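Asks: Going line by line, the protein sequences match chains F and R.
Quick note on numbering: the first sequence equals residues 1 to 447 in this note's numbering.
Quick note on numbering: the second sequence equals residues 1001 to 1099 in this note's numbering.
Some hints could be false.
[Said to hold, decoys possible] According to the in silico footprint, chain F covers these stretches of chain R (three or more CB under 8 Å from chain F):
1. 1003-1015
2. 1019-1027
3. 1046-1053
4. 1077-1086
[Said to hold, decoys possible] No more than 27 Å apart at the CA atoms, straight line, and that leaves these computed lysine-lysine pairs for DSS-like:
5. F:312 x R:1014
6. F:124 x R:1014
7. F:420 x R:1028
8. R:1028 x F:360
9. F:223 x R:1028
10. R:1014 x F:300
11. F:129 x R:1014
Hints are computed from structural coordinates only; laboratory data are not their basis.
Quick caveat: nothing in here was measured; it's all calculated off a predicted structure.
Beta carbons: idealized from backbone N, C-alpha and C, even for Gly.
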Amino acid sequence: MKSQTIRIGSGAGYSGDRIEPALELAEKGNIQYLVFECLAERTIALAQLAKKNNPEAGYDPLLEERMRAVLPTCKKNGVKIITNMGAANPVAAMNKTIEIARELELDDLKIAAVTGDDVFDLVKEKNYKILETGEDLSTIKDSMISANAYLGMEPIIEALSNGADIVITGRVADPALFMAPVFHEFEWPLKNWDLVGKGTVLGHLLECAGQVTGGYFTDPGVKDIQDLAHLGFPIAVVKNDGSFFITKVPGTGGQVTLATCKEQLLYEIHDPAQYITPDVIADFSNVTLTQIGKDEVAVKGATGKKNTGKLKVSVGYKDSFIGEGQMSYGGPGAVERGKLALEIVKERLRLKGFGENEAKYDLIGSNALHGNERSVNNEPYEVRARVAVRTTTPEDAKVIGNEVETLYTNGPAGGGGATKSVREVIAVKSVLIDIEEVKTGVVYKTV
Amino acid sequence: MKLRDIAHSRTGDKGNISNISVIAFDEKDYPLLLEKVTAEKVKQHFSELVHGEVIRYELPNIGALNFVLFDALSGGVTRSLALDIHGKSYSSALMDMDI
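Chain F with its partners taken away, still in its complex shape (with noise of 0.2 Å):
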């Protein structure tokens, strides 16, 4: 018989999220699934390099921990698990997974790893054109290191059709991870597009986690949620005609209110009646929101187009370094002598060669967020100098910040604090392909 009712939590807005709010979630939260989403844009292109190293490697850092945290109490709860914390390799995540299991003595568990969002050979045989710059993708052929599609949620429908308790992927569609056990549990069609656009609210409004529940919330004085230390994670609470209230659990710190929803659901949209996911053109512009309860938002009005056809592939290449260097300066004219540390270092780095490498010369107190323009009338008693350049070798991007760090012998008086790195940059561009080239997978294990 199809659910009348499902409540999905969200359990990570990101790879380095709290753990303990999960863990609450699927205690306390009364739900049925409870969804991980924690790959950024350009992880899963360092998971590919951890997985050229080592075979076994790739997946998430956190997974073993999380896991750990959440199986026993999920297998209690009867919690199923949507996750991508497979990264780059979601079978080698299902293996530590069922490994995890064993060693916690838990059993009856179906374990399901989605396949196919890695199309490296693809798009390596084929010259697409770069969305950002409409440049041939060939023009970083020799430095591409991973090609990763965004799916859709038609595998992770797949493996919870299967049985799996479960699912564990690589690169999907972040409101895909969250939609895909509504569709599943109403049996709901996938070309009723209008369906399939309240999905996407209801995923767009989870997957950021504590967002929606008052996280990268407060002002004080100006919009005020307690006890942040205590943030609880989201539930939605999905009916099978597609009307849904996003809660959390009773106790938790944090709200969910109007305005904490109205943030979440404008969060990297651009322009809402088009927001564009592998599964739909989804349309938020007729969206209404209703605060129903305490801690209780209703959402409604979401609607959708037929889907592209098209997938983005995100493609990792290493682009450059960045050598930084910092210094502090504090009391009667920090600001003076800040900016002298900074004319001495460019000028330092003139002398060597970098004049007209890609850099950026900044104030930090004063104009390193927003520029010269905003920081006007503002005499801080503190500012830390820094200088980020970009460069071709780690030799040279070495040099950067030694150069801030000599500021303590060669530079202005009182200058404290000295700190240098050096980070090799893995971008990210975005091709677009047909979905039929995308051959997906799910394969299965069991403890």
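Guided by the hints, dock chain R onto chain F, whose structure is given.
Replies: Relative to chain F, chain R alone:
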């Protein structure tokens, strides 16, 4: 009056594109937002940071505007030299706008 007195905001990023919501605390103030917070004015406010066009989307149902700022994040989160690579703090800069 500052925009912060009547509205709140959150910034998101996709590649080199930033989006900033402007949401009326009281939906009665939405017409004032429509009148005062134009795409041109936002472009001017961020002239030092945003090098592409600024598009405004209107959401009367929730009393909000959504601004999309192109070429706004020094190449985007994966390669930016900026301290705030996502431009997450841009919302606070916009709330400082005089209206």
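Asks: Give a verdict on every hint.
Replies: Evaluated hints:
no.: 1; hint: 1003-1015; verdict: holds (count 8)
no.: 2; hint: 1019-1027; verdict: holds (count 4)
no.: 3; hint: 1046-1053; verdict: holds (count 3)
no.: 4; hint: 1077-1086; verdict: holds (count 7)
no.: 5; hint: F:312 x R:1014; verdict: holds (13 Å)
no.: 6; hint: F:124 x R:1014; verdict: holds (24 Å)
no.: 7; hint: F:420 x R:1028; verdict: violated (50 Å)
no.: 8; hint: R:1028 x F:360; verdict: violated (42 Å)
no.: 9; hint: F:223 x R:1028; verdict: holds (18 Å)
no.: 10; hint: R:1014 x F:300; verdict: holds (26 Å)
no.: 11; hint: F:129 x R:1014; verdict: holds (18 Å)
Taken one by one, the earlier hints fail for this structure at numbers 7, 8, listed in ascending order.
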